[in-house]
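Undergrad: Residue-level listing of the chains:
Number of protein chains: 2
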Amino acid sequence: MLIAFETLKAEFKRILLSLNFSESKADECAQIFAENSRDGVHTHGLNRFPTFVQYIKNGDVIPDAEPIKEGGFGSMEQWNGNLGPGMLNARFCMNKAIELAKENGIGCVAIKNTNHWMRGGTYGWQAAEADMIGLCFTNTIANMPPWGGIDARLGNNPLIIAVPRKDGHVVLDMAISQYSIGKLNLYKSKGEQLPLPGGYDAAGNLSTAPSAILDSGRVLPVGFWKGSGLSMVLDLLATVLSQGRSTAAITNGGPESGVSQVFIAIKPTGEQTENLVEEIIAYAKSSRPEKRDGNIYYPGENTLRTREKSLKEGVWVDENVWEKVKGL
Amino acid sequence: MLIAFETLKAEFKRILLSLNFSESKADECAQIFAENSRDGVHTHGLNRFPTFVQYIKNGDVIPDAEPIKEGGFGSMEQWNGNLGPGMLNARFCMNKAIELAKENGIGCVAIKNTNHWMRGGTYGWQAAEADMIGLCFTNTIANMPPWGGIDARLGNNPLIIAVPRKDGHVVLDMAISQYSIGKLNLYKSKGEQLPLPGGYDAAGNLSTAPSAILDSGRVLPVGFWKGSGLSMVLDLLATVLSQGRSTAAITNGGPESGVSQVFIAIKPTGEQTENLVEEIIAYAKSSRPEKRDGNIYYPGENTLRTREKSLKEGVWVDENVWEKVKGL
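Residue numbers (this note's numbering), protein chains in the order written: chain D, 1 to 328; chain Z, 1001 to 1328.
Looking at chain D on its own, in the form it has when it is part of the complex (with noise of 0.2 Å):
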């Protein structure tokens, strides 16, 4: 079913204000809930708030906790966070990087002790709005065996990368894994097989059928072992920048709280910025579809059209877990 875009967010307000949350932090949660709906990151929005809410309960996230400076050398500055809520958090330090990229060109906050920040884009999108290039990335709990192992020692620490443009910025927001498992979720309940490899079966043969690989447990990284790499420095360079807690170290401590998160902002600086830009998205799309009907997109794009149509017709949501939240 659609709902309006106000109506959502007043939902998660109202219940977070009922669980502590001051009246300006409950305001930025329910926006940036009701934000990832709305742009159709449907995991990390409605579907992901009665999880937020037993994380809450359960003291894993402290609604009241600020972040704290601790440490760092010019524009690279070293938070913790406290165990707050990590979309908060997570806000505060792509502003800080941004305001360390104003006074020196680039900036870099590290934090730890921070919790999960619901979709990365959403500060890749905050970076854009403030015309700088924003890169981010966040370990995880443990989700993918790295390369030539089968038990998960790698997670798929999301990346995200973003380019303010006039016309719609271009945010990339991708996990190092092909496929997540709430993806792999949803393939499965579905009884469809995916469009693309995602993991291995059991046997160790590359696989398309979800449940094969859910019940490995061996999800594909992106690009094989570039991705088991790729997945392995993110850990390192946010575990060693916040100095905080890594891939093992979260994964040993039993549910996922406490991770450590790295922003970078980036001041653009050159008159030919916006020719440039509209020059490179303008090749790529200048490629021959591979289907006749086909289009070639920037990332971001997409989201762009969602969160347009969200705005103009209602955000979808689904509606068990629009009843569920409404009887939180």
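Possibly wrong hints are sitting among the right ones.
[To be verified] Derived PhoX-like pairs: lysine-lysine, alpha-carbon spacing no greater than 25 Å straight-line:
1. Z/Lys1096 <-> D/Lys102
2. D/Lys96 <-> Z/Lys1102
3. D/Lys102 <-> Z/Lys1102
4. Z/Lys1312 <-> Z/Lys1166
Note that these hints are calculated values from the structure, not bench results.
Once you have looked at the hints, place chain Z on chain D.
TA: Just chain Z now, kept in the frame of chain D:
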């Protein structure tokens, strides 16, 4: 055959001196080419040297060109490579980024009008040797279709991320295509299939046949649509930050010259760095291997083994190429 590192380097240097390289520039370029072969990256060591010489003779690489600073702000600098040797410009830029990071925690140097840097990992190792986290990437000529398209409109835009480590730096050096054209040709010449899908055949099916992929030109980006987006944003960053040529402009300009690159160095601070790095590597290695005698490696681990072997036993060279180079 195996030859001594110094023999290989001396031969490169002799030829470069005959091409109007200064003593110091000939030495530095020869060192980098020899190191690439030493580390097992033959495609960007000896095997690439004749092409490099041809570029110099054609005037696409200008031996005595010096980079000049054209812009930037704070710890973000913009340089013009003036079509000098890509390796020298790249080493210069990573060095600048390291200096900026020493002063201010993080430094970013973007360069336009530079040339192929050969092995990108060279500059990752350089940063790590200086005890810095290093991150760099380059754009290239179009050699990979965007997702949903069939004509090459994206570069394979190698991305390097390095983390310093006492017992061997972690250096990820990955092109955004699943296999390089050189690797596809290698499999083809041996009459072998790729171990994993590397592209599409002319009918649009995922393929492990190198000749079918080379014929269609439909090289696979890492992670399908994800690598397509990642390649595009890396081109955007390199081009916008340097105000240089995009993959579009490079491709339309003829031979691959005048590319755009970005170098970022970040100073790791904190007492736990060494322990955290070891924790992450040990955790990945604790996964049960897929094959009974299998191993899990961190990025750069095999490079280091090859290096040690080459220095002990001699650097492997293709006899035909070696003879050809000796005749230059």
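Undergrad: Each hint should be assessed against the structure and marked as holding or not.
TA: Hint check results:
A hinted pair counts as satisfied when its Cα atoms are at most 25 Å apart, and Z/Lys1096 with D/Lys102 qualifies at roughly 20 Å. Using a Cα cut-off of 25 Å, the hinted pair D/Lys96 and Z/Lys1102 holds, with the two alpha carbons roughly 20 Å apart. Taken as a hint, the D/Lys102 and Z/Lys1102 pair is honoured in the structure, with Cα atoms around 19 Å apart against an allowance of 25 Å. Taking the CA atoms of Z/Lys1312 and Z/Lys1166, the gap is about 21 Å. The hint holds against a cut of 25 Å.
Of the numbered hints given earlier, the model fails none.
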